[in-house]
Each structure stands twice: as C-alpha cells, then as structure tokens.
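J.: Now for the letters of each chain:
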Amino acid sequence: EADIYQTPRYLVIGTGKKITLECSQTMGHDKMYWYQQDPGMELHLIHYSYGVNSTEKGDLSSESTVSRIRTEHFPLTLESARPSHTSQYLCASRGRAKNIQYFGAGTRLSVL
Amino acid sequence: AQSVAQPEDQVNVAEGNPLTVKCTYSVSGNPYLFWYVQYPNRGLQFLLKYITGDNLVKGSYGFEAEFNKSQTSFHLKKPSALVSDSALYFCAVRVLVNAGNNRKLIWGLGTSLAVNP
Chain A
1331 EADIYQTPRY
1341 LVIGTGKKIT
1351 LECSQTMGHD
1361 KMYWYQQDPG
1371 MELHLIHYSY
1381 GVNSTEKGDL
1391 SSESTVSRIR
1401 TEHFPLTLES
1411 ARPSHTSQYL
1421 CASRGRAKNI
1431 QYFGAGTRLS
1441 VL
Chain B
5 AQSVAQPEDQ
15 VNVAEGNPLT
25 VKCTYSVSGN
35 PYLFWYVQYP
45 NRGLQFLLKY
55 ITGDNLVKGS
65 YGFEAEFNKS
75 QTSFHLKKPS
85 ALVSDSALYF
95 CAVRVLVNAG
105 NNRKLIWGLG
115 TSLAVNP
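Respectively, the protein sequence lines represent chains A and B. For the first sequence, this note's numbering begins at 1331 and goes up steadily by one. For the second sequence, this note's numbering begins at 5 and goes up steadily by one.
Note that these hints are calculated values from the structure, not bench results. As the structure is a computational prediction, the values presented were derived from the model and not from experiment. Glycine residues also receive a C-beta, built at the ideal position from the N, C-alpha and C atoms. One or more of the hints may lead you astray.
[Stated by the list, open to error] Here are the computed lysine to aspartate or glutamate pairs in the DMTMM-like style, where the Cα-Cα straight-line distance is at most 25 Å:
(1) 62/B <-> 1389/A
(2) 53/B <-> 1372/A
(3) 1361/A <-> 70/B
(4) 62/B <-> 19/B
(5) 108/B <-> 1372/A
(6) 1428/A <-> 70/B
(7) 108/B <-> 1393/A
(8) 53/B <-> 1333/A
(9) 53/B <-> 1393/A
(10) 108/B <-> 1368/A
(11) 1428/A <-> 19/B
(12) 26/B <-> 1372/A
(13) 108/B <-> 1389/A
[Claimed, not checked] Between beta-carbon pairs, the in silico distance windows are:
(14) 1368/A <-> 24/B: 21 to 29 Å
(15) 1429/A <-> 5/B: 43 to 51 Å
(16) 1350/A <-> 107/B: 26 to 34 Å
(17) 1391/A <-> 56/B: 44 to 52 Å
(18) 1442/A <-> 74/B: 14 to 22 Å
(19) 81/B <-> 1337/A: 34 to 42 Å
(20) 1342/A <-> 55/B: 39 to 47 Å
(21) 65/B <-> 1435/A: 44 to 52 Å
(22) 7/B <-> 1352/A: 41 to 49 Å
(23) 9/B <-> 1429/A: 18 to 26 Å
(24) 1342/A <-> 30/B: 38 to 46 Å
[As the list claims (entries may be wrong)] Here are some chain B residues pointing at chain A (derived, C-beta under 7 Å):
(25) 47
(26) 48
(27) 50
(28) 111
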C-alpha cells in the first residue's frame, strides 16, 4: 500500500458551499494528480502538478482549483459547489524512479 | 488521436476458469502500458506494467498481461479466477503530452469483472 491519503472519504454538501478536498502523500513524490471519476466510468485528469508551485489544468475542464505549496500536499478547492460537481475525486502521486501512479482511496462528493 | 479501448463493459467468468480482460491502444511511438484495479469503494491499485523487454508481464494477485505490438493489444489474464477478483479493471497508456518531455496517462473506460462462485 502506498502512503497517499485523501480526506474526507465522503462529503455531502449543499449548493453554493466552498469545499476543499485534501490529498497528502508521504513518499516525497514530485508529481501529483487529481482525477474525476463518475461511478464505473473512466478517469478524467482535471489537474496535475510537477512540483512545488507548479500546477496545470488537465484534459477535463473543471471549475475547481488546486495549489501546491508543499511537496506532500495537493488540495483541491471548489469555491461554489454545484450538483454537477457530484462525482468521485481521486488523487494520485508518482515518484521519479518508477513509472507508477499511486492512488488515494478517493473522495465521493455529493452536492445537493 | 491517441486512445485506449476496452471493448467489453463487463466480463463474467466462473471461479476457477481462466479470465481475459481486453485492452487495445492507438498511440504513436513505443507506449508504456498499465493495468489498474479498483475494488468497490476503494482507490485504484496498480497491477502491472509493460515498458520494454519480455512481452509477458507478471503482476500482483496472480495477474499477467501480454503485450502484442502487431495487434496493439495488452490483454490482462489470469489462469484461475477467484471471486475476490471481482472489480473494475482499467487499462492505461502513458503518452507524450506535447513536443516536450511531459507525459500523461490515457485511460480506458474500464471493464467490470464478475467472478461467479
């Protein structure tokens, strides 16, 4: 098991609320990623970072934002949640030596 | 356009029988190929990868995959399925993002494997 953690695991929230999904890894990985996944569906890359102070948008347009102030921490923020944001969000990280992405357990978000 | 295809939404096998989950790809250059598994209410777990070398790659939980360059396939296999193998399986290919050295994973849609007792 890789040391990458996501909190909360489940979140039910009302429309218009600001939320932050946390992702932390203790492996010292430079590269980190956020994916959005609807149940039983493919993963869509929404953000990635190649190191501190580096963030890029992924393939799928997302209203969320991310920050990378510390190597181990890559939080994702939604300023104003909407029902269309209901999905599962998966965080991953990758070190330099291995070509493997390690995934967190995910956050299942429901916006009412 | 570069793509990954998993032609089967669902695969059903009886416990003890061999299983195959199919993956084909269309990318330029020599791809890095991966299989991940997602158990219910869990994140994705890495199963195995192919980068170079022997076309038959062995991974976790008794799974293996065969890289076939001429058919551009990377099918996942297991000689004897277990009920606990029931999960969602994703094939992914690492490709160049642009002319630079940045790379990303392109993911298949996933195949739901159901192993019946």
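J.: State for each hint whether it applies.
T.: A quick look at each hint next to the structure:
With a C-alpha separation of about 31 Å, the suggested pair residue 62/B and residue 1389/A falls outside the 25 Å cut-off, and the hint is violated. With a C-alpha separation of about 18 Å, the suggested pair residue 53/B and residue 1372/A falls inside the 25 Å cut-off, and the hint holds. A distance of roughly 28 Å separates the Cα atoms of residue 1361/A and residue 70/B; the hinted pair therefore is violated under the 25 Å criterion. Taken as a hint, the residue 62/B and residue 19/B pair is honoured in the structure, with Cα atoms around 20 Å apart against an allowance of 25 Å.
Of the supplied pair hints, the one linking residue 108/B and residue 1372/A holds, its CA atoms being roughly 15 Å apart against a limit of 25 Å. Taking the CA atoms of residue 1428/A and residue 70/B, the gap is near 20 Å; set against the 25 Å cutoff, the hint holds. For the given pair, residue 108/B sits about 21 Å from residue 1393/A by alpha-carbon distance, which is consistent with the 25 Å threshold. A threshold of 25 Å between alpha carbons decides the hint, and for residue 53/B with residue 1333/A the separation of about 20 Å falls inside it, so the pair holds.
Taken as a hint, the residue 53/B and residue 1393/A pair is broken in the structure, with Cα atoms around 33 Å apart against an allowance of 25 Å. Only pairs whose Cα atoms come within 25 Å are accepted, and residue 108/B paired with residue 1368/A is accepted, the gap being roughly 20 Å. A threshold of 25 Å between alpha carbons decides the hint, and for residue 1428/A with residue 19/B the separation of about 33 Å lies outside it, so the pair is violated. Distance hint between residue 26/B and residue 1372/A is fulfilled; the C-alpha atoms sit about 15 Å from each other, no more than 25 Å.
Of the pairs offered as hints, the one joining residue 108/B and residue 1389/A holds, with about 10 Å between alpha carbons and a cut-off of 25 Å not exceeded. Against the hinted window of 21 to 29 Å, the Cβ-Cβ separation of residue 1368/A and residue 24/B comes to about 26 Å, which satisfies the hint. As the Cβ distance of residue 1429/A to residue 5/B is approximately 23 Å, the hint placing it in 43 to 51 Å is violated. Between residue 1350/A and residue 107/B, the C-beta spacing of about 28 Å keeps the proposed range 26 to 34 Å intact.
Checked against the given bound of 44 to 52 Å, the beta carbons of residue 1391/A and residue 56/B, roughly 35 Å apart, lie outside it. For residue 1442/A and residue 74/B, the hinted distance range of 14 to 22 Å is not satisfied, since their beta carbons lie about 51 Å from each other. One distance hint, 34 to 42 Å for the beta-carbon pair residue 81/B and residue 1337/A, holds here, with the actual separation near 36 Å. Take residue 1342/A and residue 55/B: their Cβ atoms lie about 41 Å apart, and the range 39 to 47 Å holds.
Range check, residue 65/B to residue 1435/A: Cβ separation about 18 Å, and the 44 to 52 Å hint is violated. Take residue 7/B and residue 1352/A: their Cβ atoms lie about 33 Å apart, and the range 41 to 49 Å is violated. In this structure the supplied range 18 to 26 Å holds for residue 9/B paired with residue 1429/A, their Cβ-Cβ distance being about 21 Å. Checked against the hint of 38 to 46 Å, the C-beta distance between residue 1342/A and residue 30/B comes to roughly 40 Å, which is consistent with it.
Of the supplied interface hints, the one on residue 47/B holds, with its beta-carbon coming within about 4 Å of a beta-carbon of chain A, less than 7 Å. At its closest, the beta carbon of residue 48/B sits 4 Å from a beta carbon of chain A; the interface hint therefore holds under the 7 Å criterion. At a threshold of 7 Å, the smallest CB-CB gap from residue 50/B to chain A is about 5 Å, leaving the interface hint in force. Taken as an interface hint, residue 111/B checks out: its beta carbon lies about 5 Å from the nearest beta carbon of chain A, inside 7 Å.
In this structure, the hints that do not hold are numbers 1, 3, 9, 11, 15, 17, 18, 21, 22, in rising order.
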